[in-house]
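J.: Single-letter residue listing:
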Amino acid sequence: MAKIQLVDLAHARSGDKGDTANVGVIVYDMNHYEILKELLTVDIVKGHFGEMVKGRVERFELPNLGAVNFLLHNSLDGGGTISLMNDAQGKVFSTALLRLEIDVPDEIAESVRGRGRAPMGEVDDPL
Amino acid sequence: MTEKGIVRIASGQGFWGDDPEAPVRQVKEGPIDYLMMDYLAEVTMSIMQKQRARDPLAGYARDFVPLMGKIFPICVDKGIKVITNAGGVNPRGCAEALVDVGRKSGVGGRATIGIVVGDDIMDRLDILLADGHELRNLDTGEPLSVIRDRVQSANVYMGARPILEALSLGADLVVTGRSTDTALTYAPMIHEFGWAMDDWNRLASGVVAGHINECGAQSTGGNCLADWWSIPNLAKVGFPIIEVGSDGNFVVTKHEGSGGRVTRATVTEQILYEMGDPITYITPDVIADFTTIELKDEGNDRVRVEGVQGREATESLKVSIAVSGGFKAVGTLTYAWPDAAAKARSADRILRERIDLLGLDLEIRTELVGWDSTHGHLPGYPPQDIPEVQLRVGVRSEDKIAVERFTREISPLILSGPPSVTGFAAGRPRVQEIMAYWPALIDKEVIEPYLKVEMFDV
Chain A
1 MAKIQLVDLA HARSGDKGDT ANVGVIVYDM NHYEILKELL TVDIVKGHFG EMVKGRVERF
61 ELPNLGAVNF LLHNSLDGGG TISLMNDAQG KVFSTALLRL EIDVPDEIAE SVRGRGRAPM
121 GEVDDPL
Chain B
1001 MTEKGIVRIA SGQGFWGDDP EAPVRQVKEG PIDYLMMDYL AEVTMSIMQK QRARDPLAGY
1061 ARDFVPLMGK IFPICVDKGI KVITNAGGVN PRGCAEALVD VGRKSGVGGR ATIGIVVGDD
1121 IMDRLDILLA DGHELRNLDT GEPLSVIRDR VQSANVYMGA RPILEALSLG ADLVVTGRST
1181 DTALTYAPMI HEFGWAMDDW NRLASGVVAG HINECGAQST GGNCLADWWS IPNLAKVGFP
1241 IIEVGSDGNF VVTKHEGSGG RVTRATVTEQ ILYEMGDPIT YITPDVIADF TTIELKDEGN
1301 DRVRVEGVQG REATESLKVS IAVSGGFKAV GTLTYAWPDA AAKARSADRI LRERIDLLGL
1361 DLEIRTELVG WDSTHGHLPG YPPQDIPEVQ LRVGVRSEDK IAVERFTREI SPLILSGPPS
1421 VTGFAAGRPR VQEIMAYWPA LIDKEVIEPY LKVEMFDV
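Chains as they are written, first to last, in the working numbering: chain A, 1 to 127; chain B, 1001 to 1458.
Derived by calculation from the structure, the hints in this document are not laboratory data. There could be a bad hint or two in this list.
Stated by the list, open to error - With a Cα cut of at most 27 Å, we get these calculated DSSO-like pairs of lysine-lysine: (1) Lys91/A <-> Lys46/A; (2) Lys1028/B <-> Lys1236/B; (3) Lys1104/B <-> Lys1028/B; (4) Lys91/A <-> Lys1318/B; (5) Lys1236/B <-> Lys91/A; (6) Lys54/A <-> Lys1050/B; (7) Lys1070/B <-> Lys1236/B; (8) Lys1452/B <-> Lys1318/B; (9) Lys1296/B <-> Lys37/A; (10) Lys1236/B <-> Lys1078/B; (11) Lys1050/B <-> Lys1400/B; (12) Lys1070/B <-> Lys1104/B.
All of these numbers come straight from a predicted model, not from anything done at the bench.
Turn these sequences into a full structure, and let the hints steer you where they fit.
T.: So, in structure tokens, the structure goes:
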């Protein structure tokens, strides 16, 4: 087994409903869905976010889309116009979850490493 | 309906403030039958309610009127029908302005506007409460009566039925108040194909199409994380177009030659946006099961959606209630290397001490933009060499005077706080009124008789 960051296995999008943020995590390769499903438990996600998520975490599977959806309750400081957060609508909770470090079989780690990051030159150009 | 029994429903606006050129490109740069435009977010209705209180002619998405001035002639010439919830809390006012701008744009005598009213229950709120409709908060369970005096607006989310009525009366342009975003896309499907209102699978497929259309370019490459660096020509991004057949299956695409991208990845990201329980996506007309969606990437910016299943709708409608909730303000200052983050932290401590000394009753939240304002504690401590951070301090309170006083405490830090500070050119922070969102349910039977269509000739 080898460690990778979730960002190399999956992409994600977030939205909000009141004080709840959602994170939909989507595998790049449908063959990796089972891994995603096994690894992303409610406990792992709740533990990863720690104090960022004050309420409970709900989890929903969408095998048809290679995705797992999470609802992160009480995580937006009230949400909407109440919130004092820069990310009041939880738009980037998605990438916050993709920081998660996961253990995957060596050959998968090899094949996906760097998948989720812009190639050098795209963003690392030193002007 | 075009050749092969396909109807093309284009998205022109994902929110009030979206690219004003997008709908123009949608009607000009290729064939479409319908243009849907979503203008309403959760708090928009309360803003519009305030605008109407100041000016009885206001209370709708004002930008929509000059936009129609631009595209009305093209739409009428090409037979493109426009469906939008731009009417806000004043669809009549919106229609009157549209008649005027329509005549000026040369479509006088050639177009009809249908408006939908009845979603606004502000005027009969007390009657409904007295009749036992408690409008309990879906999140907290509290009845609305506890904050009745703070209610600023109350609107029911309407489904497709009133839009269908307007279309069947021959409307070329349908302007609603608080319609659901998805109904703007699937109402024309029901109208064109004559689907029954209990044909749950077809209706559910229409809901999925609506969800993909409702945020504009967010399904065609905008805000897409997957391979974002390689998505072409976002400057002229093509907004989504749904090509639907009578069986309810559809293709998501965009105009040929437009920027952006339509792939399994771009569409899936939008499907997951603002998703709750995917098996139970509740709308006024049907419950859609998003776990039954089958996606096929056909290449060439075409993604096929098939197999969507739905089930019978509930007996209630969602109500969007806006409640005033005090005041807030956010102040920012930028600190530079060396020790940028430590300076910002120090400035925050001084600021909080001054707030204490003044005895201001404020909730305070501090973030350092460039370090912890997006991913919180997850990235760990910032490197000592971090080139800069922005100190961002937000406060909120029921006490407007306390919030106003806070806004005067930011700039003194420039000369009387830690060094290497800049970024204050925007001046004193603005005090904003907080509008809290109160979601509730109400029985369909007390709302539906009030939903009415009115027609206006241009």
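J.: Would you mind marking each hint as holding or not holding in the structure?
T.: Consistency of the hints with the structure:
1. Between Lys91/A and Lys46/A the CA atoms are separated by roughly 18 Å; this keeps the pair inside 27 Å, and the hint holds.
2. A C-alpha spacing of about 13 Å is found between Lys1028/B and Lys1236/B, which places the hinted pair at or below 27 Å, so the restraint holds.
3. As the CA atoms of Lys1104/B and Lys1028/B are separated by approximately 20 Å, the hinted pair is consistent with the 27 Å bound.
4. As the CA atoms of Lys91/A and Lys1318/B are separated by approximately 24 Å, the hinted pair is consistent with the 27 Å bound.
5. As the CA atoms of Lys1236/B and Lys91/A are separated by approximately 23 Å, the hinted pair is consistent with the 27 Å bound.
6. A distance of roughly 33 Å separates the Cα atoms of Lys54/A and Lys1050/B; the hinted pair therefore is violated under the 27 Å criterion.
7. Distance check on the hinted pair: Lys1070/B and Lys1236/B sit about 18 Å apart at the alpha-carbon level, within 27 Å; holds.
8. Between Lys1452/B and Lys1318/B the alpha-carbon distance is near 18 Å, which keeps this suggested pair within the 27 Å criterion.
9. Using a Cα cut-off of 27 Å, the hinted pair Lys1296/B and Lys37/A holds, with the two alpha carbons roughly 22 Å apart.
10. This hinted pair checks out: Lys1236/B and Lys1078/B have alpha carbons roughly 22 Å apart, not beyond 27 Å.
11. Annotation: proposed proximity of Lys1050/B to Lys1400/B holds, straight-line Cα distance about 18 Å (limit 27 Å).
12. Of the pairs offered as hints, the one joining Lys1070/B and Lys1104/B holds, with about 10 Å between alpha carbons and a cut-off of 27 Å not exceeded.
In this structure, only the earlier hint numbered 6 is contradicted, and the remaining ones agree with it.
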